[in-house]
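**Student:** Each chain, written out:
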Amino acid sequence: MDIPRDKLLEIYERMVTIRQFEDRTHGEYAAGRIPGFVHLYAGEEAVAVGVCAHLSDDDAITSTHRGHGHRIAKGVDVNAMMAELYGRATGACKGKGGSMHIADISRGMLGANGIVGAGVPLACGAALSAQVRGTEAVAVSFFGDGGANQGTFHEGLNLAAIWKLPVLFVAENNGYAQSTSVSYAAGGADIARRAQAYGIPGVVADGLDLFDVYAKAGTAIAAARAGDGPTLLECKTYRLYGHYEGDTQGYRSKAEIDRYRHEHCAIRRFRARVTQDGLLTADELDAIDARVDNAIDAAVAFAANSPFPDPAEVTTDVYVNYEEEIA
Amino acid sequence: MDIPRDKLLEIYERMVTIRQFEDRTHGEYAAGRIPGFVHLYAGEEAVAVGVCAHLSDDDAITSTHRGHGHRIAKGVDVNAMMAELYGRATGACKGKGGSMHIADISRGMLGANGIVGAGVPLACGAALSAQVRGTEAVAVSFFGDGGANQGTFHEGLNLAAIWKLPVLFVAENNGYAQSTSVSYAAGGADIARRAQAYGIPGVVADGLDLFDVYAKAGTAIAAARAGDGPTLLECKTYRLYGHYEGDTQGYRSKAEIDRYRHEHCAIRRFRARVTQDGLLTADELDAIDARVDNAIDAAVAFAANSPFPDPAEVTTDVYVNYEEEIA
Amino acid sequence: MSEERTLTLGGAIHEALHQEMERDSTVIIMGEDIVGGAGSDEPGAEDSWGGPMGITRGLVGKFGRERVRDTPISEAGFIGAAIGAAVTGLRPVAALMFVDFFGIPMDQIYNQGAKLRYMFGGKAKVPVVIRALIGAGVNAAAQHSQTLYSIFTHIPGLKVAVPSTPYDAKGLMCAAIRDDDPVFFLEHKTLLGQKGHVPEEPYIVPLGQALVRREGSDVTVVAIAKMVEVALAAAEELAAEGVNVEVVDPRTLSPLDTRTILESVEKTGRLIIVDEDTPRCSLATDIAALAADEAFYSLEAPIKRVTAPHTPVPFSPTLEAAYIPSKAQVAATIREVMSA
Amino acid sequence: MSEERTLTLGGAIHEALHQEMERDSTVIIMGEDIVGGAGSDEPGAEDSWGGPMGITRGLVGKFGRERVRDTPISEAGFIGAAIGAAVTGLRPVAALMFVDFFGIPMDQIYNQGAKLRYMFGGKAKVPVVIRALIGAGVNAAAQHSQTLYSIFTHIPGLKVAVPSTPYDAKGLMCAAIRDDDPVFFLEHKTLLGQKGHVPEEPYIVPLGQALVRREGSDVTVVAIAKMVEVALAAAEELAAEGVNVEVVDPRTLSPLDTRTILESVEKTGRLIIVDEDTPRCSLATDIAALAADEAFYSLEAPIKRVTAPHTPVPFSPTLEAAYIPSKAQVAATIREVMSA
Ligand SMILES: Cc1ncc(C[n+]2csc(CCOP(=O)(O)OP(=O)(O)O)c2C)c(N)n1
Ligand SMILES: Cc1ncc(C[n+]2csc(CCOP(=O)(O)OP(=O)(O)O)c2C)c(N)n1
Ligand SMILES: [Mg+2]
Ligand SMILES: [Mg+2]
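Residue numbers (this note's numbering), protein chains in the order written: chain P, 1 to 327; chain C, 1001 to 1327; chain U, 2001 to 2340; chain Z, 3001 to 3340.
Hints in this document: simulated from the structure, not taken from any laboratory. Backbone N, C-alpha and C define an ideal beta-carbon position, used for all residues, glycine too. Mixed in with the good hints, there may be bad ones.
What the hints assert, rightly or not - Below, computed lysine-lysine pairings styled on DSBU-like, alpha-carbon distance capped at 35 Å:
| no. | chain 1 | residue 1 | chain 2 | residue 2 |
| --- | --- | --- | --- | --- |
| 1 | Z | K3267 | Z | K3195 |
| 2 | P | K164 | U | K2195 |
| 3 | Z | K3267 | U | K2267 |
| 4 | P | K164 | C | K1254 |
| 5 | Z | K3123 | C | K1007 |
| 6 | P | K254 | C | K1164 |
| 7 | C | K1164 | Z | K3125 |
| 8 | U | K2125 | P | K7 |
| 9 | P | K164 | U | K2267 |
| 10 | Z | K3195 | Z | K3327 |
| 11 | P | K164 | P | K7 |
| 12 | Z | K3195 | C | K1164 |
| 13 | U | K2123 | U | K2195 |
| 14 | U | K2062 | U | K2195 |
| 15 | Z | K3267 | C | K1164 |
| 16 | U | K2327 | P | K164 |
| 17 | U | K2327 | U | K2195 |
| 18 | Z | K3062 | Z | K3195 |
| 19 | U | K2123 | P | K7 |
| 20 | Z | K3327 | U | K2123 |
| 21 | U | K2195 | U | K2267 |
| 22 | C | K1007 | C | K1164 |
| 23 | U | K2327 | Z | K3123 |
| 24 | Z | K3327 | C | K1007 |
| 25 | C | K1254 | U | K2062 |
| 26 | Z | K3267 | P | K254 |
Claimed, not checked - Coverage of chain C stretches by chain P, computed from C-beta distances (three or more under 8 Å per stretch; other residues unrestricted):
| no. | region |
| --- | --- |
| 27 | 1016 to 1030 |
| 28 | 1304 to 1314 |
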């Protein structure tokens, strides 16, 4: 699957934006400027970007607790994201959601999710909506290897299979659910093989290779748009930071992490490939790096300079309408 | 797998007991003597009996809304069962449970269940208990084709797979969940194939052939006892009555029902096989029929002559102990 | 003439679904066997079930299988899908069958459906209706007889409707479907066959408006769903004894029309709540607490609650009869507060 | 000497688990990452997590992986398995991690665990403990900050413990494990690090016994979990103003020690309930309703409830601070009822 030059540039920019956003969030969190629970996506960029490169704002995605990457890949504004992490009134959710609940319905980003596995049925619903309304839209559900052990995974895949819903299920297998290895927690071989249980295609992609993800997601999404129903795409990937900010990571070695940070880094691999193949130049890529660096600087400044929400906001946005006001 | 003569006689008696119990319950219900919701097991006898023939009182089973057959196969007293259907104080659950909740923990019968799919995790728990306590016991979970679409099915099978729990999952595929065909509701081919998702054996049995069920369940249960972990056994079967008593059954033809009631009847097939092979005689079998007939008569009489529970019993048995009495 | 038009409560719900689906093509309905016969080639199999109590029978013929969907037995999956569809442009009405099954899709309902709007800073709406049967009275035992509305009322972001008449059933269903928030719509199974006046044209009974079903000056009885008729019967009995009972039907539990309840208590000075749900942390305590705070100075007697006991629902007819709050219990409690 | 021995609340729970596992080989514990490092060959991976807040760290070394089990992320599956194991001879303690996840295993908890005994006519017992973190205060947002004990208290067949001190945490955990009924054991995440006196030997704090944390004669404040310290702080403030506040800590919500609460209200004539849960159909309304019935004639002022608002838990620090009932709110409410 050939990727047009413009698309390649956009893809690179999104991958780098994720990496830099996460690196910076890591530092901001350590410095005590971001409250709450934060799970970083660094390392898995090729998955979110490789999949979302096929989507428009009409297409919907559901995400996870580790959702910053999906949001950036889906085009959500980084200023609003960083302000949300900071808990500010200018945040994507006015400070009400935080890292685990950033959404942008206008861009088809139906929200991160603090509940493992919960996005799967919601994505089926977005696909059902497209099917009933007769649009060409598709839905994508991202979830982890741990999430694939939830009942919602089973129910969602079966529902999508029998209704031929235009949905792509993306299992982001980063090897761990918190500290638990996928080899311990998941019976059977690849997660992708679970697709057979429902008679739908199950595909494994190298989640550290943008081109592999892009190609396989493209095929699956095209099939979904054509009315051929869902696919389960398992992307083998790796997270470079701990499960959450604060994780001491006794369950894996520094050597393992370093190997992925350097040899297997999805962004390095992308750079190497596009420059070797003469698709893009190092200068072009460096320029993007610099631009993103500025954009993230600006996002942090925007967040830090934004006001906190008015405490009175605590009781708004519960209902669209409610006769009695909320005490 | 050769079945000893005594066992064959016991198997036949249990199958006939189920059939007669259900035929009689059908009549009693129609006559307005049994209240509530009742789901009959007639037609599926070879499954419950073929599986439970391998179990002792130390082994546990979990059942479904369609649980009379499992209970009889597990050796629960028919007097107590019929009295429970009648809502009498002498019932297996003192009249508190009714058809959907008959249990006998002393016989390892952990209860029928009004919640589709709910027995699967409970059976895993009984198997876990055996594993931790170091007994030789196994657990069996019966559920329907409809139940195999619940999240609990997925979670239970995965849990059993990774912990190598001594449990047998028996999918009773009778073609329908209420009025919905399994071909509509379940993605994929056989339910048994879903086992592959968890790396455990998945086996299909002819659920109208006692010998096939007996053999395949025997292999699976022996493996479980030997520490080799769980199996998913799908038994293709058929229910002769409606989904519940009162079902008008517009979703299937009388011809289809008749075919199963006559040509494919599990009890007839068993009789034909054992008499043809010279294992048992028609006289022996007829004598069992007559004895069971009397036993069911006696059960109905026992139930009808039993008192209703004292209304004060409504507030007992909620807790083993509770400092305050219940208002 | 239209005064005379009567429907059952179940028929009123059917009519509301029909009319709303006609009015708005984004309304879809889904649930286990709400059509029936899916996957069967048998002539006449289609619509052979029609959902719990046949309420949705006939809708598939009019609106087709795209908008009237049989689902697998996967409550978390299809209720979650209904919520996802609601966020993306449909107005799904999902049937949970028995409310007792709520423990399976509850995460989708309360952590997703009820909270998306708030968590997203007001930038989502979730116009989904979840229908479910409630109530004891048909010997359906512990897993098919509960009311459980206290739990849904507890959850911010949900709305809860509990019609006690066919008229309200239709009006509340129309309101629920048009509402932009998630609404639990609870149908008491012993009321579905009850007949009453229902106008043919679509109309709205607003969510959050109680109704005084019977005016009285001596004591206020707030009663929910099936308990409305129990309370009214007790009121008749007491009328013969010269006691003037006011019966208030909240109709929706969230929002709760606190004003109507408080005005009644201020007038009568006495309050009894009759609630088929179990007693702890329930609507009965909710309404009692409301009055014990905001109508305290009007109260002339202890606030009494007549509820089910703190037990599961028993199967046997004698036990179930002892479980459900009865006219006799309500009447006795009225006498008790009148002599306080 | 033993007077001086202190532990954190989390440490007290660890000690209770340790001692009960030592005492009774049928006690097992299970949950996601309660050990950690499962499936890893990395030296030192084992016990690298230790469950929420590391509370179970160290137990695997003593009791082995048979009795200390990491589970997949399958809350319905493993909580259901804990219940099935409880019916067949074990005494499992299952960790749900955050109570907010209850919507996934709820059917197993409430339709199975809580009801088996009743449905089976008393012929089963279900000695299972479900541990879960509750509470706001760490900016964990709408799906990781709730209390939700009102829902579990509503369910017949469940018991609910909510310790507010390390001493009670240990004693209630020992009691919960030895109890033959299902117990929800709720640990407020902001209290886990709090230190207090804990005797080394195992002991029991019986389920169903409240404690008067502070004696007073003017007003009764019933406060739950984290709110106990908020209420005590408000009481100190009011003491300076000459108001004598009695603070009652129920310690278990089901069974509820109604006697201690009613005796206090009869003495003081005034009642405030401070509850971090959302307000509708809650413990706050439950206790208010109790007093409005059974202590009615002692009441000298409206019963007030200080609770979270009817909203999900917001993320931002400024919003979360407005969400959690504060000392200032409690103090203001005490002043209000004192001048009523
Ligand atoms: C229902 C539920 N159970 C448990 C958790 C706690 N939890 C948060 S993330 C996580 C691990 C998820 O692993 P995986 O799905 O592989 O995603 P990853 O973190 O690796 O991206 C767990 C157990 C949760 N948030 N929701
Ligand atoms: C969780 C849940 N959902 C729905 C129901 C209603 N219901 C009872 S039995 C049944 C069909 C079950 O089909 P299957 O599992 O195939 O078992 P069968 O009745 O064919 O034996 C349904 C939908 C229920 N009892 N529990
Ligand atoms: Mg993972
Ligand atoms: Mg079936």
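**Student:** Taking the hints in turn, state whether each one holds.
**Tutor:** Status of each hint after checking the structure:
1. K3267(Z) x K3195(Z): holds, 32 Å
2. K164(P) x K2195(U): Violated. K164(P) to K2195(U) sits at ~41 Å, over the 35 Å cutoff.
3. K3267(Z) x K2267(U): The given pair, whose Cα atoms are some 30 Å apart, holds under the 35 Å limit.
4. K164(P) x K1254(C): Holds, at roughly 32 Å.
5. K3123(Z) x K1007(C): holds, 29 Å
6. K254(P) x K1164(C): Since the Cα atoms of K254(P) and K1164(C) sit roughly 32 Å apart, the hinted pair holds (cutoff 35 Å).
7. K1164(C) x K3125(Z): Holds, at about 26 Å.
8. K2125(U) x K7(P): The given pair, whose Cα atoms are some 33 Å apart, holds under the 35 Å limit.
9. K164(P) x K2267(U): violated, 59 Å
10. K3195(Z) x K3327(Z): holds, 21 Å
11. K164(P) x K7(P): holds, 29 Å
12. K3195(Z) x K1164(C): violated, 41 Å
13. K2123(U) x K2195(U): violated, 42 Å
14. K2062(U) x K2195(U): holds, 25 Å
15. K3267(Z) x K1164(C): Since the Cα atoms of K3267(Z) and K1164(C) sit roughly 59 Å apart, the hinted pair is violated (cutoff 35 Å).
16. K2327(U) x K164(P): The given pair, whose Cα atoms are some 52 Å apart, is violated under the 35 Å limit.
17. K2327(U) x K2195(U): With Cα atoms ~21 Å apart, K2327(U) and K2195(U) stay inside 35 Å; holds.
18. K3062(Z) x K3195(Z): Given pair K3062(Z), K3195(Z) holds - Cα atoms ~25 Å apart, limit 35 Å.
19. K2123(U) x K7(P): holds, 29 Å
20. K3327(Z) x K2123(U): With Cα atoms ~33 Å apart, K3327(Z) and K2123(U) stay inside 35 Å; holds.
21. K2195(U) x K2267(U): Holds, because 32 Å separates the two Cα atoms, which is no more than 35 Å.
22. K1007(C) x K1164(C): This hinted pair holds, its Cα atoms lying about 29 Å apart.
23. K2327(U) x K3123(Z): Satisfied, since the Cα-Cα distance of roughly 33 Å is no more than 35 Å.
24. K3327(Z) x K1007(C): violated, 73 Å
25. K1254(C) x K2062(U): Between K1254(C) and K2062(U) the Cα gap is close to 28 Å, so the pair holds against 35 Å.
26. K3267(Z) x K254(P): Distance of about 63 Å is beyond 35 Å: violated.
27. 1016 to 1030: Violated, because only 0 residues of the region 1016 to 1030 of chain C bring their Cβ atoms closer than 8 Å to Cβ atoms of chain P.
28. 1304 to 1314: Violated - the region 1304 to 1314 of chain C has 0 residues with a Cβ nearer than 8 Å to chain P, which falls short of three.
Checked against the numbered hints given earlier, the structure breaks hints 2, 9, 12, 13, 15, 16, 24, 26, 27 and 28 and satisfies all the rest.
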